[in-house]
Amino acid sequence: MATSKKSLQTLAQDRESLALVTARHPALEVFSMFIANRAALVAMVVLMAIILAAIIGPMVYKTDPFEMVWAPFTPPGTEGFILGTDYLGRDLLAGLLHGGRVSITIGLVAALMSVFIGISFGAFAGYYRGYVEEVLMRITEFFQVLPTLLFSMVIVALFGASLQMITIAIGLVSWTAVARITRGEFLRIRELEYVTASRSAGATDLKLIFQVILPNALPPIIVQAALMVGSAILFEAGLAFLGLSDPNVVSWGQIIGSNRLYILDASYTVTVPGLAIFITVLAISLIGDGLNDALNPKLRSR
Amino acid sequence: MSDTILDVKNLRVEFNTRGGIVPVLDNLSFSLDRGERIGFVGESGCGKSMTALALMGLLPSIGRVASGQILFKGQDIVNASTKRMQDIRGNEISMIFQEPMTSLNPVFTIGSQIAEVLHRHRNMDKSEALKTAVDLLDAVKIPDARNRIASYPHQMSGGQRQRVMIAIALACEPEILIADEPTTALDVTVQAEIFDLLRDIGVQTNTAMILITHDMGAVRQMAQRMLVMYAGRKVEEGTVDQIIKSPRHPYTKGLISCVPHIRKGADRLPNTLPEIDGIVPDITSFGKDQCLFAPRCERLTQQCLDRKPDHQMIGKAEQQSVSCWHPYGRQT
Amino acid sequence: MSKPALLSVRNLSVRFPLKGRDEHGKRKTLLAVDNVSFDIPEGKTLGIVGESGSGKTTAALAVARLVEKEAGQIILDGHDFGALTGDELRIARQNVQIIFQDPYSSLNPRLRAEDIVREPLRHAGQTSRQEQDKIIDELFHAVGLRPEQKRLFPHQFSGGQRQRIGIARALAPRPSIVICDEPVSALDVAVQAQILNLLKSLQKQFNLTYLFISHDLGVIQHMCDEIAVMYMGQVVERANRNSFFKQQKHPYSNALLSAVPSIELHAEHIRRQDISGAPPDLTVPQTGCRFAGRCPLAQKACHLSVPVLLPENASHQAACHLLTD
Chain P
1 MATSKKSLQT
11 LAQDRESLAL
21 VTARHPALEV
31 FSMFIANRAA
41 LVAMVVLMAI
51 ILAAIIGPMV
61 YKTDPFEMVW
71 APFTPPGTEG
81 FILGTDYLGR
91 DLLAGLLHGG
101 RVSITIGLVA
111 ALMSVFIGIS
121 FGAFAGYYRG
131 YVEEVLMRIT
141 EFFQVLPTLL
151 FSMVIVALFG
161 ASLQMITIAI
171 GLVSWTAVAR
181 ITRGEFLRIR
191 ELEYVTASRS
201 AGATDLKLIF
211 QVILPNALPP
221 IIVQAALMVG
231 SAILFEAGLA
241 FLGLSDPNVV
251 SWGQIIGSNR
261 LYILDASYTV
271 TVPGLAIFIT
281 VLAISLIGDG
291 LNDALNPKLR
301 SR
Chain F
1 MSDTILDVKN
11 LRVEFNTRGG
21 IVPVLDNLSF
31 SLDRGERIGF
41 VGESGCGKSM
51 TALALMGLLP
61 SIGRVASGQI
71 LFKGQDIVNA
81 STKRMQDIRG
91 NEISMIFQEP
101 MTSLNPVFTI
111 GSQIAEVLHR
121 HRNMDKSEAL
131 KTAVDLLDAV
141 KIPDARNRIA
151 SYPHQMSGGQ
161 RQRVMIAIAL
171 ACEPEILIAD
181 EPTTALDVTV
191 QAEIFDLLRD
201 IGVQTNTAMI
211 LITHDMGAVR
221 QMAQRMLVMY
231 AGRKVEEGTV
241 DQIIKSPRHP
251 YTKGLISCVP
261 HIRKGADRLP
271 NTLPEIDGIV
281 PDITSFGKDQ
291 CLFAPRCERL
301 TQQCLDRKPD
311 HQMIGKAEQQ
321 SVSCWHPYGR
331 QT
Chain W
1 MSKPALLSVR
11 NLSVRFPLKG
21 RDEHGKRKTL
31 LAVDNVSFDI
41 PEGKTLGIVG
51 ESGSGKTTAA
61 LAVARLVEKE
71 AGQIILDGHD
81 FGALTGDELR
91 IARQNVQIIF
101 QDPYSSLNPR
111 LRAEDIVREP
121 LRHAGQTSRQ
131 EQDKIIDELF
141 HAVGLRPEQK
151 RLFPHQFSGG
161 QRQRIGIARA
171 LAPRPSIVIC
181 DEPVSALDVA
191 VQAQILNLLK
201 SLQKQFNLTY
211 LFISHDLGVI
221 QHMCDEIAVM
231 YMGQVVERAN
241 RNSFFKQQKH
251 PYSNALLSAV
261 PSIELHAEHI
271 RRQDISGAPP
281 DLTVPQTGCR
291 FAGRCPLAQK
301 ACHLSVPVLL
311 PENASHQAAC
321 HLLTD
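Protein chains in written order, with this note's numbering: chain P, 1 to 302; chain F, 1 to 332; chain W, 1 to 325.
Careful, some of the hints might be misleading.
Said to hold, decoys possible - No more than 25 angstroms apart at the CA atoms, straight line, and that leaves these computed lysine-lysine pairs for DSS-like:
no.	chain 1	residue 1	chain 2	residue 2
1	W	Lys200	F	Lys253
2	F	Lys264	W	Lys246
3	W	Lys150	P	Lys207
4	W	Lys44	F	Lys264
What the hints assert, rightly or not - Computed spacing ranges between beta-carbons, pair by pair:
no.	chain 1	residue 1	chain 2	residue 2	range
5	F	Asp277	P	Phe210	39 to 45 angstroms
6	W	Pro4	P	Glu191	34 to 40 angstroms
7	W	His155	F	Asp277	21 to 27 angstroms
8	W	Asp133	F	Lys288	35 to 41 angstroms
9	W	Ala278	F	Ser81	42 to 48 angstroms
10	F	Pro60	P	Thr271	44 to 50 angstroms
11	F	Asp277	W	Pro4	39 to 45 angstroms
12	F	Thr239	W	Asn313	48 to 54 angstroms
13	W	Asn240	F	Gly315	40 to 46 angstroms
14	W	His155	F	Gly315	41 to 47 angstroms
15	F	Pro270	W	Arg129	40 to 46 angstroms
16	W	Asp115	P	Val135	31 to 37 angstroms
17	P	Val45	F	Lys288	39 to 45 angstroms
Worth flagging that the hints you see were computed from the coordinates, not collected in a lab.
Note that the coordinates shown come from a computational prediction; the quantities given were computed from them, not determined experimentally.
By construction, the Cβ of each residue, glycine as well, lies at the ideal position given by its N, Cα and C atoms.
Just need the whole structure built from these sequences, with the hints factored in.
Shown next as structure tokens:
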């Protein structure tokens with residue numbers, strides 16, 4: 001065969017580079033790693049189902065969770081009440097669906113809030129160093145050493161037990177972890193050469209912080225945020241159990257709190273919302289774990 | 001050839017990757033005499049370090065020796081027990097690595113790290129081991145050895161740490177010392193000192209050495225024989241003098257000429273360096289029945305893509321062997 | 001040297017604050033670059049060679065105004081680049097671009113190749129999207145990348161290809177001077193030649209001026225017209241290439257050259273100088289020649305006063321007391 005050398009050569013090289021051209025966006029790669037993790041995938045499906053139930057449930061199942069609809073302590077599955085009624089004769093299923101809305105919303109909003117505060121503190125501290133860092137990190141440490149439960153109880157006691165206040169209280173006590181992680185990532189990434197390259201390309205400080213460094217610092221923050229949704233739900237349940245909850249809305253923790261005296265006589269009134277919290281938080285932490293594995297480049301195989 | 005200490009025969013090491021089973025070492029044979037220094041040359045990903053790990057019985061978990069023999073003092077150690085390999089490692093065959101920063105444990109003094117090896121393999125008691133450690137540090141030319149044994153790794157420079165690594169590797173008077181890019185992380189002036197040291201030790205103790213490097217100059221300084229690896233295969237082997245004078249494999253030729261070597265007092269210099277096009281192929285194509293260098297080769301013909309070339313002797317005195325269909329250039 | 005220098009650096013010093021204080025309670029500092037001066041004519045390459053800790057990279061970063069200088073003048077293309085501040089400096093930085101050593105950490109993993117090259121153009125803010133695309137296409141062609149590779153992410157390239165992207169990025173804002181900071185030392189040997197050849201052909205094509213940092217004397221000889229040897233923050237020898245490689249004047253340059261393993265000679269034939277002594281501690285002020293502690297030829301005078309580059313205005317200078325006797 002009189003194939004010319006050059007064409008043979010390019011043919012052979014092209015075959016090698018073909019694999020490259022068909023490769024995908026990094027986010028897609030992370031996604032495929034994530035769904036390859038069986039536990040995380042199941043957790044994701046479960047969490048989606050729970051969220052869907054919390055959104056659609058109350059629209060379909062219109063019973064008011066505060067209304068006494070039947071005799072107290074009607075066991076689950078009797079008299080047409082799938083989950084039975086509590087000590088005041090309120091429908092537990094309605095409570096669960098409405099409460100899910102509140103619990104998950106508090107979890108999400110509180111987590112978002114701590115991510116926002118945490119990133120602001122961590123990013124500026126890590127980027128500017130020096131006095132900025134000293135001041136911001138001292139504030140962070142102050143919040144870190146506050147006894148979280150006491151502090152949020154004080155906030156709620158001072159400003160009233162409204163949904164907003166409870167969310168803010170939870171957000172305020174949980175942002176420090178995000179700040180520390182963000183600062184650590186910024187300290188590492190700001191020294192990398194691509195940041196120097198952007199600087200010599202004429203990028204402003206704000207562009208460097210938010211467009212260059214932050215996107216690369218996000219993976220561990222995302223994992224932390226996911227886990228924080230779970231812990232915020234738990235925290236709210238704890239407050240509600242202690243009676244520090246918005247009396248006008250129902251949440252999972254509040255159901256447990258108000259039925260706690262009857263835990264021996266009608267254990268289902270506590271177990272049902274307890275299980276809801278347990279499954280939701282477990283699902284969230286499994287998702288967090290899955291994200292951690294998927295986002296960690298060291299665990300990504302070649 | 002009664003002096004052969006290591007004889008590797010048709011060694012094949014396979015990796016179990018997502019893309020299937022691939023040979024990272026393919027039909028590798030070589031032998032090493034007592035006191036001989038051999039250089040392994042090639043780009044990264046060509047199997048140099050994998051050879052060392054296979055010899056040490058330290059292949060990563062996705063890898064295994066699929067076939068072939070590693071005869072150490074006449075005994076096959078491919079299937080040796082874990083216990084036997086632990087006896088051999090650090091004792092009869094020892095290794096120094098590229099990164100002197102990470103291969104020492106930061107929380108122990110260097111004296112105790114050397115003594116630990118002596119205690120494990122030689123059953124020395126503590127004071128005896130420490131005394132020997134001082135002698136070893138002296139031998140690797142660390143000044144004030146008596147006091148330095150109490151130092152921690154972070155208190156030493158990179159070059160000194162590499163000397164400590166060498167001292168640890170030599171602690172049990174090994175028969176083979178494997179040095180995997182021992183000076184890549186070091187400055188040139190320090191590199192020269194380490195090379196001098198290794199060569200002196202090799203001569204004094206008759207220790208055989210395997211030097212893994214990408215630097216032809218280093219091989220020239222350090223080794224008597226060399227072996228060029230490409231994509232898991234041996235492409236050329238022979239005495240250093242012979243190969244540098246007349247490389248027969250185009251890859252070897254490229255490796256020698258693509259580096260800008262210093263020319264003292266030269267007024268005129270070539271404007272461009274000879275290049276080797278492209279890069280080392282992906283690991284998944286390693287097993288193919290063709291010359292794996294073909295895509296980068298200027299001698300490429302259809303034959304190169306059709307079949308893998310055999311490794312054949314070249315010349316008279318059996319000083320050189322090569323795996324290439326066109327060792328004397330392309331006949332057209 | 002009739003042409004005026006494109007870049008002229010005078011008495012540049014950089015000092016880093018360290019943790020901890022000395023016995024007087026003053027904060028410890030490290031004088032990383034000490035009184036360094038050099039010129040680069042347009043279209044030429046100045047090589048700075050030195051070992052780790054010599055301050056060569058710090059000096060280059062200070063020239064690019066990416067590291068704060070303590071003192072010194074940087075005149076670029078007739079303008080006092082060293083005196084700029086604020087937004088003026090931010091924009092002017094585009095005139096000095098850097099090709100980095102590590103092809104892995106020098107590209108933002110979240111950007112596509114074309115956006116990495118586009119970044120400097122975007123910050124300059126004077127080009128339309130179409131013009132940018134055109135420039136990117138030209139640069140991709142110039143550095144030997146294929147157009148369809150524009151959409152790929154850094155991790156999909158090999159080390160050498162990544163370095164090509166880095167080169168394209170550095171050339172995008174049409175800089176007056178390009179700093180090459182060990183551009184090939186992280187690459188495989190065979191790929192090094194590809195990149196060195198590319199840098200040379202680009203220099204010809206675009207009339208580029210290089211400040212070339214390397215520890216590898218072979219690379220320096222191949223790439224550079226002028227050579228400056230740095231040791232512990234100072235330039236100890238300066239010469240044009242031919243003069244330097246014919247006869248080094250400073251004992252350190254000598255030692256450096258003799259330490260490079262050559263493929264032409266066996267080790268037994270090389271007379272290597274013993275420079276095994278310890279380098280000085282730069283956190284305290286130095287009274288003598290910084291190489292004196294390791295120098296095989298050192299005399300009393302070497303420890304007493306700091307040598308300067310001599311003879312003045314000559315094309316081949318060295319800072320060594322032994323040469324002036």
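Results of checking the hints against the structure:
no.: 1; hint: W:Lys200 <-> F:Lys253; result: holds, 22 angstroms
no.: 2; hint: F:Lys264 <-> W:Lys246; result: holds, 6 angstroms
no.: 3; hint: W:Lys150 <-> P:Lys207; result: holds, 23 angstroms
no.: 4; hint: W:Lys44 <-> F:Lys264; result: holds, 21 angstroms
no.: 5; hint: F:Asp277 <-> P:Phe210: 39 to 45 angstroms; result: holds, 41 angstroms
no.: 6; hint: W:Pro4 <-> P:Glu191: 34 to 40 angstroms; result: holds, 36 angstroms
no.: 7; hint: W:His155 <-> F:Asp277: 21 to 27 angstroms; result: holds, 23 angstroms
no.: 8; hint: W:Asp133 <-> F:Lys288: 35 to 41 angstroms; result: holds, 39 angstroms
no.: 9; hint: W:Ala278 <-> F:Ser81: 42 to 48 angstroms; result: holds, 46 angstroms
no.: 10; hint: F:Pro60 <-> P:Thr271: 44 to 50 angstroms; result: holds, 48 angstroms
no.: 11; hint: F:Asp277 <-> W:Pro4: 39 to 45 angstroms; result: holds, 41 angstroms
no.: 12; hint: F:Thr239 <-> W:Asn313: 48 to 54 angstroms; result: holds, 51 angstroms
no.: 13; hint: W:Asn240 <-> F:Gly315: 40 to 46 angstroms; result: holds, 43 angstroms
no.: 14; hint: W:His155 <-> F:Gly315: 41 to 47 angstroms; result: holds, 45 angstroms
no.: 15; hint: F:Pro270 <-> W:Arg129: 40 to 46 angstroms; result: holds, 42 angstroms
no.: 16; hint: W:Asp115 <-> P:Val135: 31 to 37 angstroms; result: holds, 35 angstroms
no.: 17; hint: P:Val45 <-> F:Lys288: 39 to 45 angstroms; result: holds, 42 angstroms
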